[in-house]
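Number of protein chains: 2
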Amino acid sequence: MELLCLYDFLPSGNGYKIRLLLTQLGMPFERVELNILKGETRTPEFLSKNPNGKIPLIEIESGKYLAESNAILVYLSEGTEFLPYDRFLRAQVLQWLCFEQYSHEPFIATSRFWISILGKAEEYSEAIKQKREPGYAALSLMEKHLTSHSFFVGERYTIADIALFAYTHVADEGGFDLTQFPAIQNWIERVKAQPRYISITQA
Amino acid sequence: MELLCLYDFLPSGNGYKIRLLLTQLGMPFERVELNILKGETRTPEFLSKNPNGKIPLIEIESGKYLAESNAILVYLSEGTEFLPYDRFLRAQVLQWLCFEQYSHEPFIATSRFWISILGKAEEYSEAIKQKREPGYAALSLMEKHLTSHSFFVGERYTIADIALFAYTHVADEGGFDLTQFPAIQNWIERVKAQPRYISITQA
Chain D
99 MELLCLYDFL PSGNGYKIRL LLTQLGMPFE RVELNILKGE TRTPEFLSKN
149 PNGKIPLIEI ESGKYLAESN AILVYLSEGT EFLPYDRFLR AQVLQWLCFE
199 QYSHEPFIAT SRFWISILGK AEEYSEAIKQ KREPGYAALS LMEKHLTSHS
249 FFVGERYTIA DIALFAYTHV ADEGGFDLTQ FPAIQNWIER VKAQPRYISI
299 TQA
Chain R
99 MELLCLYDFL PSGNGYKIRL LLTQLGMPFE RVELNILKGE TRTPEFLSKN
149 PNGKIPLIEI ESGKYLAESN AILVYLSEGT EFLPYDRFLR AQVLQWLCFE
199 QYSHEPFIAT SRFWISILGK AEEYSEAIKQ KREPGYAALS LMEKHLTSHS
249 FFVGERYTIA DIALFAYTHV ADEGGFDLTQ FPAIQNWIER VKAQPRYISI
299 TQA
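Chains as they are written, first to last, in our numbering: chain D, 99 to 301; chain R, 99 to 301.
Bound conformation, chain D alone (with noise of 0.2 Å):
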């Protein structure tokens, strides 16, 4: 069978979210590095795999592509100890990756990237600015979520958890102050903690 193909940037924290789900799967799978700093998703060949030119992208089989980390995830993890099969508590799945996508996402991640990956902290400064309130909004909503849960849905690790880690974890990297988030740290620990977990550098 070929294996799975995942096209990914390394420090891109929605690449991660597939990159450590995988390997917690134990999924082998081959890895195309893309350096989105360098246009890479921008060319011809690869907006004719993903129209919207986005990083992580898998092909399943030869010419089946799927985009959106998150779309990803739910695909990956169905069937599998990740993704509960309880109704309700999978719609609690979703949930969350869509409040990931819109309210924590768009300003946790992009303040790490114009400050970290960038480089550009001063260039961008009444960008990153805007996306503190906002930021620390997601964080503290998640915080008194998990002041009464070990982890995001039905009190056992899912992707929910791997989607809110990915970005959270290096919430730093984008100039955001996690030490007045003492139970979010502790569940960060908790991730840290599964099985055949890897760090955001690793490939």
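By construction, these hints were calculated from the structure, which means they are not laboratory data.
Heads up, a few of these hints could be off.
Heads up, the list lumps identical chains together, so a pair's fine if it works in one copy or across two of them.
[To be verified] Cross-link-like lysine-lysine pairs, in silico, PhoX-like; alpha carbons within 20 Å at most:
#  : residue 1 : residue 2
1  : K290      : K227
2  : K227      : K162
3  : K227      : K147
4  : K242      : K147
5  : K162      : K242
6  : K136      : K147
7  : K218      : K136
8  : K147      : K162
9  : K147      : K290
10 : K218      : K242
11 : K227      : K136
12 : K290      : K218
13 : K218      : K147
14 : K290      : K162
15 : K242      : K136
Bear in mind the structure is a predicted one, so any value in this text is a computation, not a measurement.
Let chain D serve as the given structure and place chain R on it in line with the hints.
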């Protein structure tokens, strides 16, 4: 049995997604209108239901809440004709839902909100200007897809169409010109021709 309850705001496209699907499913529901412009989703009472302070929110049974429009769409459509059973097609539906929340709604819906809901086009003119390019990029990507497809996934009407229709068909209220997108316009007509279609202003 208790009726499902939808916490809603009539001008909201995100609320409309749920109203439209419930109506097309023939599922009776109760609707609670909350005026987001008057802070009615920021009261302690509502925040105890949805800590993120947003509509739509459904109460499935007493005290059992689900937030995030696209998570609600998936929850309600499981096992129905509006969500494919095939694993890859279902993943493609999720891919378009993620696209809508990340690459479409933040530009097209927010422009409509400032211009047509708040009526403050002048005050927000700089922010609106910044939303133009990414908003048109989302519409162009949709146009390209619809040039060779009748619907977004599997050549049939699914919740991917509902999610993308909600803010696309009123994109002009956000200052986006749809006349340059004939495939989108034809798709809008196909959606409007679906059984039990209701318009965005219908409760």
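- [ ] Sort out which numbered hints this structure fails and list those numbers smallest first.
- [x] 1, 2, 3, 9, 10, 11, 12, 13, 14, 15
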